[in-house]
Amino acid sequence: MRTRVAPSPTGGPHVGTAYVALVNYCFAKQQGGDFLLRIEDTDQARSTPESEHAILAALRWTGLSWDEGPDVGGPHGPYRQSERSEIYRRYAEQLLLQGDAFRCFCTPERLEAMRAAQRAAGIPQKYDGHCVAVPAGESAERAAAGESYVVRMKIPETGVCVVNDLARGPVPYEYATVDMQVLLKSDGLPTYHLANVVDDHLMEITHVIRGEEWMPSAPKHLLLYGYFGWEPPVLMHLPLLRNPDKSKLSKRKNPTGILFYQRMGYLPEALLNFLGLLLAPAPEGREIFGVDDLTRRLDLVKISLGGPVFDTVKLDWLNGQYLRALTAGELVARTLAWGFDRERVDRIAELARSRVARLSDVVPSTAYLFAGRVEVTKDSFAGTKLPPEQIRKALALAMWRLDAEHTFDMATVERVLKGVGETLGVKFRDLSRVFYVAMTGSATALPLFDSMELLGRDICRERFRFALDAVGGVTNKEQKEWQAIPFSYDYAAVPT
RNA sequence: GGCGCCAUAGUCUAUCGGUUAGGACGCCGCCCUUUCAAGGCGGAGAGACGGGUUCAAUUCCCGUUGGCGCUACCA
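Residue numbers (our numbering): 6 to 501.
No lab work stands behind these hints: they were computed from the structure.
Note that the structure is predicted; figures quoted are calculated from it, not measured.
Among these hints, one or two may not hold up.
[What the hints assert, rightly or not] In silico lysine-lysine, DSSO-like type, Cα no more than 27 Å apart, as pairs:
(1) Lys390 x Lys432
(2) Lys258 x Lys383
(3) Lys482 x Lys253
(4) Lys423 x Lys485
(5) Lys319 x Lys256
(6) Lys482 x Lys390
(7) Lys190 x Lys258
(8) Lys307 x Lys253
(9) Lys258 x Lys319
(10) Lys190 x Lys251
(11) Lys383 x Lys423
(12) Lys258 x Lys482
(13) Lys423 x Lys256
(14) Lys131 x Lys159
(15) Lys258 x Lys432
(16) Lys256 x Lys482
(17) Lys485 x Lys383
(18) Lys251 x Lys485
(19) Lys482 x Lys251
(20) Lys190 x Lys159
[Claimed, not checked] Simulated restraints on C-beta separations:
(21) Glu410 x Gln49: 30 to 36 Å
(22) Trp66 x Met220: 25 to 31 Å
(23) Ala125 x Gly37: 37 to 43 Å
We put the CB at the ideal spot given by N, CA and C, even for glycine.
Throw the hints in and build the complete structure from the sequences for me.
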């Protein structure tokens, strides 16, 4: 009995990952099995080491522990897919040999034209099978000659695939609606579908518990298990966490980063408890329970399948319960450990030294660095020289562009914010005040870039979001227009 | 558009055909109290709609509507 969580290191650690990890952890432990962590970094373009590092750190912070993983090792490694490409290549080769997959030489242009035609004709968009007919000999020759290709899996033309979901029961999918999925990309790396099936089999995963977004591709996965002659794992698809407006939880509308909740001062046990409440009903109304208790009581078959809204108000209450259960001494220890590590405090003191006249100035002048959200209203921006629309645009551009960066250090922040100034055609001196207000709640504070680095990406994003809301937000039209503006800032001109 | 999943109060949920539809967050009120919280007590608030099946449907079936997901050489 083995389960896993398999995040993709393409962004910040997401609470959805913690949610899936929690279920997998509890279920495995309940059955006396193993829980493992695998990094799915087959997307060369989007995966970053920073992201992987942050995800591991965030998961460790939750307190959940894995029996095997890229950091702790294990008998089924490596646990990072980018280090397993040879394995996938071999299995793709096997499918090719068996005739269960084929090389596809179609160009992106042809595929795009095909889809456009399908759209226009109002028929389902899927690969038209153009390259299935290429004879094996010719296919091998063209590949050998260096022509670029991908490997696609074959799909039966007729019939139905029944996906047995642990909580939903049998779900039928007609093969006619299933696409001939790419298994091996032209860069030689596998897509999720191949890597996932191969790894789950090799790592002896018995229960695949993952997000609901994977349900439509389950037929492909089942087909692959069949092609390889492997026994498929038990499948269970979890409902997706939602924003208050019921859309899929997204950082644009809601804080989604595990690190946000950490920096905001939530205790990991409270976060896990909150997530646990979405997975198992509170016993006799007792809403406060730990992972051990959840492990005992979790019943996958009975999980409520409506996508639950991630209700931060209830999280606040829960976290308060945990905090109140602490003695004053424990509260001090926790608070110190949370935001007052020596290195951080020293750095803040260095910034504050030249700006304080009395010791009694120290706390007020640095308080925003220890706060979650800061008080910002429309009027807070009154002293800036920019017109309201420019303010909204500046905040929105800064937030979006910062999101697109892989790192969040002073140099990055400076480059991006000054870039916004260039895009807007305003002097940074005039613009910076807007950012000061949004980030610190005041036009006068310790240096901006240092402050933002100290605050961290997640808190800054939330403050941008909050400030943007305060000045009226962004319309869909503006969002479309503004996001289309190229990021033209001359990187080289800014000393880093 | 196609395919699929889902549907109890504002939110998270309980109810394995018969209940005054239970609990929690939030909200409102009262109590406690040097303020504010916390805590205690109380209150308002729900089965999307329409058909069936049944002696009896929130519960089972079908349809409608709505929400969500997928529909990439991203996961």
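Now the hints, each set against the structure:
1. Lys390 x Lys432: holds (10 Å)
2. Lys258 x Lys383: Holds, at about 20 Å.
3. Lys482 x Lys253: Judged against 27 Å, a Cα distance of about 21 Å means the pair holds.
4. Lys423 x Lys485: Since the Cα atoms of Lys423 and Lys485 sit roughly 22 Å apart, the hinted pair holds (cutoff 27 Å).
5. Lys319 x Lys256: holds (19 Å)
6. Lys482 x Lys390: holds (25 Å)
7. Lys190 x Lys258: violated (33 Å)
8. Lys307 x Lys253: Holds, at roughly 22 Å.
9. Lys258 x Lys319: Holds - the C-alpha atoms of Lys319 and Lys258 are around 18 Å apart, at most 27 Å.
10. Lys190 x Lys251: With a Cα-Cα distance of about 34 Å, the restraint between Lys190 and Lys251 is violated, given a limit of 27 Å.
11. Lys383 x Lys423: holds (23 Å)
12. Lys258 x Lys482: holds (17 Å)
13. Lys423 x Lys256: holds (24 Å)
14. Lys131 x Lys159: holds (13 Å)
15. Lys258 x Lys432: violated (30 Å)
16. Lys256 x Lys482: holds (19 Å)
17. Lys485 x Lys383: holds (23 Å)
18. Lys251 x Lys485: Answer holds: Lys251 to Lys485 is near 22 Å, not above 27 Å.
19. Lys482 x Lys251: Judged against 27 Å, a Cα distance of about 22 Å means the pair holds.
20. Lys190 x Lys159: It holds: about 15 Å lies between the C-alpha atoms, which stays within 27 Å.
21. Glu410 x Gln49: 30 to 36 Å: violated (18 Å)
22. Trp66 x Met220: 25 to 31 Å: Hint holds: Cβ distance 30 Å, inside 25 to 31 Å.
23. Ala125 x Gly37: 37 to 43 Å: violated (56 Å)
In the structure shown, a violation is registered for the earlier hints numbered 7, 10, 15, 21 and 23, in ascending order.
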